[in-house]
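2 protein chains.
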Amino acid sequence: MPTTAADFRDWARHGQTRVELALQRLLPSNEIAPQRLHQAMRYAVLGGGKRVRPLLALAAGELTQANGARVELAAAAVELIHAYSLVHDDLPCMDDDVLRRGKPTCHMQYDEATALLAGDALQALAFQVLAEQRLARRAEDQLQMVALLAQASGSRGMAGGQAIDLASVGKSLTVPELEFMHIHKTGALIRAAVLLGARCGRGMEDDELASLDHFAKCVGLAFQVVDDTLDAEASTATLGKTAGKDAERNKPTFVSALGAAGARDLAQELRQSAYAALDGFGSAAQRLRQLADFIVQREF
Amino acid sequence: MPTTAADFRDWARHGQTRVELALQRLLPSNEIAPQRLHQAMRYAVLGGGKRVRPLLALAAGELTQANGARVELAAAAVELIHAYSLVHDDLPCMDDDVLRRGKPTCHMQYDEATALLAGDALQALAFQVLAEQRLARRAEDQLQMVALLAQASGSRGMAGGQAIDLASVGKSLTVPELEFMHIHKTGALIRAAVLLGARCGRGMEDDELASLDHFAKCVGLAFQVVDDTLDAEASTATLGKTAGKDAERNKPTFVSALGAAGARDLAQELRQSAYAALDGFGSAAQRLRQLADFIVQREF
Numbered sequence: 477m478p479t480t481a482a483d484f485r486d487w488a489r490h491g492q493t494r495v496e497l498a499l500q501r502l503l504p505s506n507e508i509a510p511q512r513l514h515q516a517m518r519y520a521v522l523g524g525g526k527r528v529r530p531l532l533a534l535a536a537g538e539l540t541q542a543n544g545a546r547v548e549l550a551a552a553a554v555e556l557i558h559a560y561s562l563v564h565d566d567l568p569c570m571d572d573d574v575l576r577r578g579k580p581t582c583h584m585q586y587d588e589a590t591a592l593l594a595g596d597a598l599q600a601l602a603f604q605v606l607a608e609q610r611l612a613r614r615a616e617d618q619l620q621m622v623a624l625l626a627q628a629s630g631s632r633g634m635a636g637g638q639a640i641d642l643a644s645v646g647k648s649l650t651v652p653e654l655e656f657m658h659i660h661k662t663g664a665l666i667r668a669a670v671l672l673g674a675r676c677g678r679g680m681e682d683d684e685l686a687s688l689d690h691f692a693k694c695v696g697l698a699f700q701v702v703d704d705t706l707d708a709e710a711s712t713a714t715l716g717k718t719a720g721k722d723a724e725r726n727k728p729t730f731v732s733a734l735g736a737a738g739a740r741d742l743a744q745e746l747r748q749s750a751y752a753a754l755d756g757f758g759s760a761a762q763r764l765r766q767l768a769d770f771i772v773q774r775e776f
Numbered sequence: 477m478p479t480t481a482a483d484f485r486d487w488a489r490h491g492q493t494r495v496e497l498a499l500q501r502l503l504p505s506n507e508i509a510p511q512r513l514h515q516a517m518r519y520a521v522l523g524g525g526k527r528v529r530p531l532l533a534l535a536a537g538e539l540t541q542a543n544g545a546r547v548e549l550a551a552a553a554v555e556l557i558h559a560y561s562l563v564h565d566d567l568p569c570m571d572d573d574v575l576r577r578g579k580p581t582c583h584m585q586y587d588e589a590t591a592l593l594a595g596d597a598l599q600a601l602a603f604q605v606l607a608e609q610r611l612a613r614r615a616e617d618q619l620q621m622v623a624l625l626a627q628a629s630g631s632r633g634m635a636g637g638q639a640i641d642l643a644s645v646g647k648s649l650t651v652p653e654l655e656f657m658h659i660h661k662t663g664a665l666i667r668a669a670v671l672l673g674a675r676c677g678r679g680m681e682d683d684e685l686a687s688l689d690h691f692a693k694c695v696g697l698a699f700q701v702v703d704d705t706l707d708a709e710a711s712t713a714t715l716g717k718t719a720g721k722d723a724e725r726n727k728p729t730f731v732s733a734l735g736a737a738g739a740r741d742l743a744q745e746l747r748q749s750a751y752a753a754l755d756g757f758g759s760a761a762q763r764l765r766q767l768a769d770f771i772v773q774r775e776f
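Quick mapping for you: the protein sequence lines, in order, are chains A and B. Counting from 477, one number per residue, gives the positions in the first sequence under the working numbering. Counting from 477, one number per residue, gives the positions in the second sequence under the working numbering.
There's no promise every hint is true.
The list treats identical chains as interchangeable, and a pair is accepted whether it falls inside one copy or across any two copies.
Stated by the list, open to error - Calculated pairs, SDA-like style, for lysine to any residue (alpha carbon to alpha carbon, straight line, at most 25 Å):
#	residue 1	residue 2
1	Lys647	Gln511
2	Lys579	Thr650
3	Lys647	Ala710
4	Lys526	Glu653
5	Lys579	Gln620
6	Lys647	Ile508
7	Lys721	Phe484
8	Lys579	Thr493
9	Lys727	Ala615
10	Lys526	Asp682
11	Lys721	Gln541
12	Lys727	Asp707
13	Lys721	Glu588
14	Lys647	Glu681
15	Lys727	Arg614
Calculated from the structure, these hints are not laboratory results.
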């Protein structure tokens with residue numbers, strides 16, 4: 477059973493390549509009309525990002541012995557939703573950002589209208605990918621996967637979290653309020669990544685699903701806690717996106733609520749809870765544990 | 477079998493009420509957090525619009541003896557996609573419009589960020605509605621319905637049509653080029669409405685599906701041809717949205733390409749083709765015929 481850091485890096489790099497190839501194949505070619513829209517979609521999705529959500533989907537698929545090609549599609553669908561949310565989040569009426577993944581944001585590279593439509597079309601493509609080919613053993617299960625991704629993306633998931641985030645600028649939030657915001661904004665889609673990956677494989681008992689769900693909630697929140705510490709402490713060059721935005725915009729974060737050390741402690745606690753949730757799975761969950769480590773220890 | 481205009485008006489009014497009630501039920505309450513987002517979503521969807529797409533879905537469901545509650549959900553899903561597209565289309569970076577369905581547009585009533593997120597969340601809700609409850613006899617068929625709506629909404633459907641529309645401003649298009657644009661921008665979702673409504677009911681033979689598809693393409697294009705003539709000829713008060721926009725923005729339309737009389741002739745030809753496509757269905761397609769009449773004869 478793999479345990480070394482080098483082994484994990486190889487696995488992650490291989491997983492990123494698999495997802496990149498799937499995304500390249502799923503996104504319409506630059507040559508297909510409307511070309512500019514398809515160029516903007518590919519620009520927003522390909523060749524960048526840590527691919528944390530797809531890797532979680534792949535690792536969860538390994539846990540349930542899922543067919544590799546099926547999990548790649550589920551992973552790609554989640555990443556398409558993530559990519560569309562970044563494109564819309566960077567628009568002038570939202571975070572008004574010019575840099576993403578070390579490149580000009582989509583609306584800087586193209587224009588606002590094209591970025592808006594590219595985001596819209598990426599969301600539609602995510603659901604197309606999740607419905608067009610068989611991914612689960614039973615079609616009933618796959619319909620539930622579609623519903624799960626829709627819930628995670630919508631007003632009671634990611635889009636709702638972004639609305640709460642916007643409304644919180646300039647306010648002081650308690651840690652429970654911050655958790656509520658991020659369980660929606662970041663957590664919902666990370667949770668969807670884990671559950672969709674797992675559901676491509678063998679059937680799961682209710683208690684297994686509940687454990688996996690708890691793992692996903694812990695790493696989802698840990699991801700955001702670490703994001704907040706990185707925004708406060710890392711450089712724009714390291715992050716590939718504008719650093720220090722939260723403080724500049726007077727946004728409440730886990731760092732502003734707990735201090736940098738307190739936020740790092742919370743991230744470690746969440747990692748321990750995530751580990752504990754996987755106890756029943758033994759070595760089959762090794763990649764998920766390593767991803768929890770990566771999410772907490774990453775420096776970008 | 478119903479044939480009078482009064483009977484059709486009663487049927488349409490009843491159908492609009494059914495869809496309105498379904499949408500009211502499906503949209504999260506104003507009281508659920510994030511409240512402002514949910515208010516904006518309800519504002520954008522409820523209490524307005526001709527509901528042409530949902531009526532087409534209901535009529536197609538009657539053709540295949542579909543369960544009424546199921547078709548209402550399929551009709552609502554299509555209308556949620558349509559409503560989100562209007563919210564995004566009205567944004568300053570797109571058509572920059574202030575009036576829609578006789579009310580301030582969503583971003584005027586709320587703000588741009590809320591309107592952007594409301595549109596995003598409405599798209600997600602459409603797919604949730606289409607996947608969460610059983611709508612087709614077989615789950616496999618329902619997955620195909622999800623894929624169909626995603627294709628119709630995405631870069632090779634509605635969103636792609638809007639991109640072509642944006643790129644066409646100030647250009648002179650031929651009638652085939654105009655048709656290509658509108659088959660995507662308006663036609664794809666109208667086609668989805670007909671096919672999704674029909675697929676809630678009995679299984680259809682390939683030739684039946686092909687006929688229904690041809691009907692849908694004809695009425696979809698006719699809808700846009702009539703829209704162009706209304707934009708050129710009707711008043712803002714009658715339309716509930718800003719009239720005369722196309723000429724003001726130097727947008728190519730069927731009126732600019734064919735003249736007003738030529739556009740009206742084309743709409744009549746398309747109605748005849750739509751009628752012909754329904755020949756094999758007999759009286760079961762009566763509501764679809766009446767809707768084709770309504771689409772071509774409407775004055776708003």
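Evaluated hints:
1. Taking identical chains as interchangeable, the C-alpha atoms of Lys647 and Gln511 lie at most 25 Å apart only when they sit on different chains, with a minimum of 17 Å there against 43 Å within one chain.
2. Taking the closest pair of Cα atoms, Lys579 and Thr650 never come within 25 Å of each other, the shortest separation being 34 Å inside a single copy and 38 Å across copies.
3. With identical chains, the CA atoms of Lys647 and Ala710 are at most 25 Å apart within one copy only, with a shortest distance of 24 Å there and 48 Å across copies.
4. Taking CA atoms no more than 25 Å apart as the test, Lys526 paired with Glu653 passes in neither setting, with 27 Å inside one copy and 41 Å between copies.
5. Taking the shortest alpha-carbon separations for Lys579 and Gln620, neither the intra-copy value of 36 Å nor the inter-copy value of 37 Å comes in at or below 25 Å.
6. Taking CA atoms no more than 25 Å apart as the test, Lys647 paired with Ile508 passes between copies only; the shortest distance there is 20 Å, against 46 Å inside one copy.
7. Taking the shortest alpha-carbon separations for Lys721 and Phe484, neither the intra-copy value of 31 Å nor the inter-copy value of 58 Å comes in at or below 25 Å.
8. With identical chains, the CA atoms of Lys579 and Thr493 are at most 25 Å apart within one copy only, with a shortest distance of 20 Å there and 49 Å across copies.
9. For a Cα distance limit of 25 Å, the shortest separation of Lys727 from Ala615 qualifies neither inside one copy, at 43 Å, nor across copies, at 45 Å.
10. Proximity of Lys526 to Asp682 under the C-alpha cut-off of 25 Å is found in neither arrangement, the shortest distances being 31 Å within a copy and 45 Å between copies.
11. Proximity of Lys721 and Gln541 under a CA criterion of 25 Å is satisfied in neither setting, with 41 Å inside one chain copy and 56 Å between copies.
12. In this assembly of identical chains, the alpha carbons of Lys727 and Asp707 lie at most 25 Å apart only when taken from the same copy (11 Å versus 45 Å across copies).
13. Taking CA atoms no more than 25 Å apart as the test, Lys721 paired with Glu588 passes in both settings, with 21 Å inside one copy and 21 Å between copies.
14. With identical chains, the CA atoms of Lys647 and Glu681 are never at most 25 Å apart, being 42 Å at best within one copy and 60 Å at best between copies.
15. Proximity of Lys727 to Arg614 under the C-alpha cut-off of 25 Å is found in neither arrangement, the shortest distances being 44 Å within a copy and 48 Å between copies.
Comparing the model with each earlier hint shows violations of hints 2, 4, 5, 7, 9, 10, 11, 14 and 15; every other hint is respected.
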